[in-house]
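Peer 1: Given next are the chains, with one letter for each unit.
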Amino acid sequence: MCLAIPGEVVKIEDDSCFVDYGGVSREASTRLFPTVKVGDFVLVHAGFVIQIIDPEEAAELVKLSQEAGFRD
Amino acid sequence: MIDLSKRRSPQLINELKRQIELLCQNEVILAYNRPLVIMEVCGTHTASIYRYGIKSILPKQLKLVSGPGCPVCVTTNDILEKALAVACCPEVIFTSFGDMMRVPAASGSLLQRKSEGADIRIVYSPLDALKIAAENPSKQVVFFAIGFETTAPTTAAAIEKAAEKQIKNFSVISVHKTMPEALKLLLPDSKVDGLLCPGHVAAVTGAAAFDFVASELGKASAVAGFEPADIMEAIIAILQSIISGRPVLVNSYPRFVKTEASSYAVAAMNRVFKPCDATWRGLGSIPASGLALREEFAAFDALKRFPEAAQVTGADNPACRCGSVLRGELDPGDCPLMGKVCTPASPAGACMVSGEGACAAYYKYRLK
Ligand code: SF4
Numbered sequence: 001m002c003l004a005i006p007g008e009v010v011k012i013e014d015d016s017c018f019v020d021y022g023g024v025s026r027e028a029s030t031r032l033f034p035t036v037k038v039g040d041f042v043l044v045h046a047g048f049v050i051q052i053i054d055p056e057e058a059a060e061l062v063k064l065s066q067e068a069g070f071r072d
Numbered sequence: 073m074i075d076l077s078k079r080r081s082p083q084l085i086n087e088l089k090r091q092i093e094l095l096c097q098n099e100v101i102l103a104y105n106r107p108l109v110i111m112e113v114c115g116t117h118t119a120s121i122y123r124y125g126i127k128s129i130l131p132k133q134l135k136l137v138s139g140p141g142c143p144v145c146v147t148t149n150d151i152l153e154k155a156l157a158v159a160c161c162p163e164v165i166f167t168s169f170g171d172m173m174r175v176p177a178a179s180g181s182l183l184q185r186k187s188e189g190a191d192i193r194i195v196y197s198p199l200d201a202l203k204i205a206a207e208n209p210s211k212q213v214v215f216f217a218i219g220f221e222t223t224a225p226t227t228a229a230a231i232e233k234a235a236e237k238q239i240k241n242f243s244v245i246s247v248h249k250t251m252p253e254a255l256k257l258l259l260p261d262s263k264v265d266g267l268l269c270p271g272h273v274a275a276v277t278g279a280a281a282f283d284f285v286a287s288e289l290g291k292a293s294a295v296a297g298f299e300p301a302d303i304m305e306a307i308i309a310i311l312q313s314i315i316s317g318r319p320v321l322v323n324s325y326p327r328f329v330k331t332e333a334s335s336y337a338v339a340a341m342n343r344v345f346k347p348c349d350a351t352w353r354g355l356g357s358i359p360a361s362g363l364a365l366r367e368e369f370a371a372f373d374a375l376k377r378f379p380e381a382a383q384v385t386g387a388d389n390p391a392c393r394c395g396s397v398l399r400g401e402l403d404p405g406d407c408p409l410m411g412k413v414c415t416p417a418s419p420a421g422a423c424m425v426s427g428e429g430a431c432a433a434y435y436k437y438r439l440k
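Chains as they are written, first to last, in my numbering: chain A, 1 to 72; chain B, 73 to 440.
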């Protein structure tokens, strides 16, 4: 239930945004995190962005994923 | 993209396993002369621990137990009977997270009512429920709002949006609960030595919200993520804290959890809800552990809108041992009904229904 999924914000529209989860993009509300920008890595729960991932941590995670052979 | 599969790599898991084994040979740990008990209070942790077989790779000096961390499981049959009564009103479209659908109350489940013709729909977000309300102005759309601090802000945001957009046929049954008061009640008299704090609750509340576990209750604790390596690193942090003789809270999940709260989410939750007494399955009534709508938003309270349904009462199934399971006192495998009378296809209790319930996880990964 408290599952939250990380993804990258690719588009902002009014009070929502589109989050890319590695190929699949879905809408999420930004009402609980109105300061998100395109390019931010965020945590999404029940249709809402609930947290933004520290940029350094996000860069490190993306690097790890790339090293492991996953597509950017 | 972010891919966390490296956090499942066998090399990393083996290395962490070795570190845990080493720590368990420390004289402080050996002096306990019994297994150390570490409790998790997040259903997603429970599911991960079983899915990845973490219990089976830990040394015998460690015992992992599940606590009251699955929102579906801690919701009482009393409130479920009220929800069923609301769902059966002819003008109602009832919406719920899918996990709740099969939980058995004495009079049946939401799924049964749906098969009998009630308009009950599964949603993934309270905003889905709000959308249904906007599209069906002649109906009353009710959202069954369960969940902890991760989910409560999303219900709050949906209610504020409903107020702004004047969507008046939307209401919620708020069964939202908050963790700290439940832990303060449960932990002091328990056999628990260390606590894995729920990562995505902490993503909203901030890690600091769990400081009290160490500073007030004296239990070593770590905020943990959900990959196997995350959970094992948190266990290492807890062991190190116990060995040091000075219990602290460690944030082992810094990639998503900050020390301070997610300010907008907590603000939304506090604007819409106020603390209230709440009854938890297995723990009973706990002061200030629930979230009730504030006066300004009382119009969105489904139980006020449907006062007859609110009068309906229900009791937990006395044969089901969910209460003891949720207090960490009974291993799911030791419930006499496990796998015989009680199975996911024919559950006797809530802990067998939710994918995050300890009984369901035990059945899926240990019994099969
Ligand atoms: S196995 Fe079934 S009856 Fe036993 S505690 Fe779990 S849910 Fe309840």
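Hints in this document: simulated from the structure, not taken from any laboratory.
For glycine and all other residues, C-beta sits at the position ideal for the given N, C-alpha and C.
Where hints are given, some of them may not hold.
As the list claims (entries may be wrong) - Once the Cα atoms are required to be at most 16 Å apart in a straight line, the calculated EDC-like pairs of lysine to aspartate or glutamate come out as: (1) B:K330 x A:D15; (2) B:K330 x A:E56; (3) B:K78 x A:E57; (4) B:K237 x A:D15.
Stated by the list, open to error - Facing chain A, a subset of chain B residues (Cβ under 8 Å, in silico): (5) I194; (6) K203; (7) T222; (8) T223; (9) A235; (10) H272; (11) V276; (12) A280; (13) R327; (14) A337.
Claimed, not checked - Computed beta-carbon distance windows for the label pairs: (15) B:A280 x A:P34: 14 to 24 Å; (16) A:D15 x B:K376: 42 to 52 Å; (17) B:T415 x A:P55: 41 to 51 Å; (18) B:P347 x A:P55: 46 to 56 Å; (19) B:N105 x A:G23: 48 to 58 Å.
Peer 1: Now tell me if each hint is right for this structure.
Peer 2: Hint check results:
The suggested pairing of B:K330 with A:D15 is violated, with an alpha-carbon distance near 24 Å, which exceeds 16 Å. At most 16 Å may separate the alpha-carbon atoms for a hinted pair to count; B:K330 and A:E56 meet this at roughly 13 Å. Pair hint B:K78 plus A:E57 holds up; C-alpha atoms about 15 Å apart against a cutoff of 16 Å. Under the criterion of a C-alpha separation no larger than 16 Å, the hint pairing B:K237 with A:D15 is consistent with the structure, at around 13 Å.
About 13 Å separates the beta-carbon of B:I194 from the nearest beta-carbon of chain A, more than 8 Å, and the hint is not met. Below 8 Å, beta-carbon pairs count as interface contacts, and B:K203 has none with chain A, the closest being about 10 Å; its hint is therefore violated. About 4 Å separates the beta-carbon of B:T222 from the nearest beta-carbon of chain A, less than 8 Å, and the hint is met. A cut of 8 Å between beta carbons decides the hint on B:T223: the least distance to chain A is about 6 Å, and the hint holds.
Because the smallest distance between the Cβ of B:A235 and any Cβ of chain A comes to about 12 Å, over 8 Å, the interface hint for this residue is violated. Residue-level restraint check for B:H272 holds (minimum Cβ-Cβ distance to chain A is 4 Å; threshold 8 Å). For B:V276, the interface hint holds, since its Cβ comes within 8 Å of a Cβ in chain A; the closest pair sits about 6 Å apart. The interface hint given for B:A280 is broken, as the beta carbon of that residue sits about 15 Å from the closest beta carbon of chain A, more than 8 Å.
With 8 Å as the threshold, the beta carbon of B:R327 comes within range of chain A, its nearest partner Cβ sitting at about 4 Å, so the hint holds. Interface restraint check: B:A337 against chain A, minimum CB-CB distance 4 Å, threshold 8 Å, status holds. The beta-carbon spacing between B:A280 and A:P34, approximately 23 Å, falls within the hinted interval of 14 to 24 Å. Between A:D15 and B:K376 the C-beta distance comes to about 28 Å, which lies outside the given range of 42 to 52 Å.
Checked against the given bound of 41 to 51 Å, the beta carbons of B:T415 and A:P55, roughly 47 Å apart, stay inside it. Restraint check, B:P347 to A:P55: a C-beta distance of roughly 34 Å breaks the suggested window 46 to 56 Å. The hint said 48 to 58 Å for the Cβ distance between B:N105 and A:G23, and at roughly 52 Å that hint holds.
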